[in-house]
Amino acid sequence: MSVLIVIPARFASTRYPGKPLVSLRGAHGQARTLIRRSWEAARAVKGADRVVVATDDDRIRTEAEGFGAEVVMTSPACRNGTERCAEAHAALGGGHDIVVNLQGDAPLTPHWFVEDLVAGLRGDPGADIATPVLRCDGRALNGFLADRRAGRVGGTTAVFGEGGRALYFSKEVIPYTGRTYADEEATPVFHHVGVYAFRPAALTAYPGWDIGPLETLEGLEQLRFLEPGRPVLCVEVEARGRQFWELNNPEDVARIEAMLAAMGIA
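Sequential numbering of the sequence shown, starting at 12, is according to our numbering.
Keep in mind that the hints were calculated from the coordinates and are not lab data. Even for Gly, the Cβ is constructed at its ideal location relative to N, Cα and C. Keep in mind that the hints are not guaranteed to be accurate.
Stated by the list, open to error - As a list, the in silico DMTMM-like pairs of lysine to aspartate or glutamate whose alpha-carbon atoms are at most 25 Å apart:
1. 182 to 195
2. 57 to 127
3. 182 to 76
4. 182 to 108
5. 57 to 126
6. 57 to 76
7. 182 to 229
8. 57 to 158
9. 182 to 148
Stated by the list, open to error - Computed spacing ranges between beta-carbons, pair by pair:
10. 26 to 156: 35 to 45 Å
11. 76 to 223: 13 to 23 Å
12. 38 to 157: 16 to 26 Å
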């Protein structure tokens, strides 16, 4: 089964304009843009047949082509990354069995997250979309809670039931636990990792589906599947000692740079 990885990237982010071109310093002081680090993460995925950057902005296109990425120009009318992936897949002529949306703000995504995700979708013929979830330890959960207390949107959390079927995703911290956890202690809260694997038919249909009230409130594109009852498969992945965070706010730059340094990632 052929696998296409699309990295959607737009300049006009509401919360963080120009985010894909933000510079992140690695362990030895090397500065690389967010879009480049995200592309390098995608290129490390085993079994991916093609990796493209999908954007509507010439500044991002120039940067991406400068470090060797294949770029597909898409419409500024795309309302989220999944719609941009759908447009890019169509522009490339289709033909792939699985399309992965590796969002351009997740440069710390380990390659095995995507590999396990693709394997999970392949193994579940009843699912048209799959997404990874990572169990939070106390340190990660406390970071989520601190962000919310400060009025920042940190990561997204996921709740799922039998067979990994998603019940809900939220920018709030769910489920409520009512207790404090030590830094290294496992918690019942799962961090939703912003990667999606789609079967092409579902991805093609997605832009034509109605946007529901929950997607509007949360600003989470995957809720367009859940609100009308379409199944979403959550695939639990393991950190294997790696730290993970997404760049959602300007304050996350220092956090991610500290993680790059701690993990020795150039």
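Unmet hints by their number, sorted upward, for this structure
Checked against the structure, the hints that fail are numbers 3, 4, 8, 10, 11, while the rest are satisfied.
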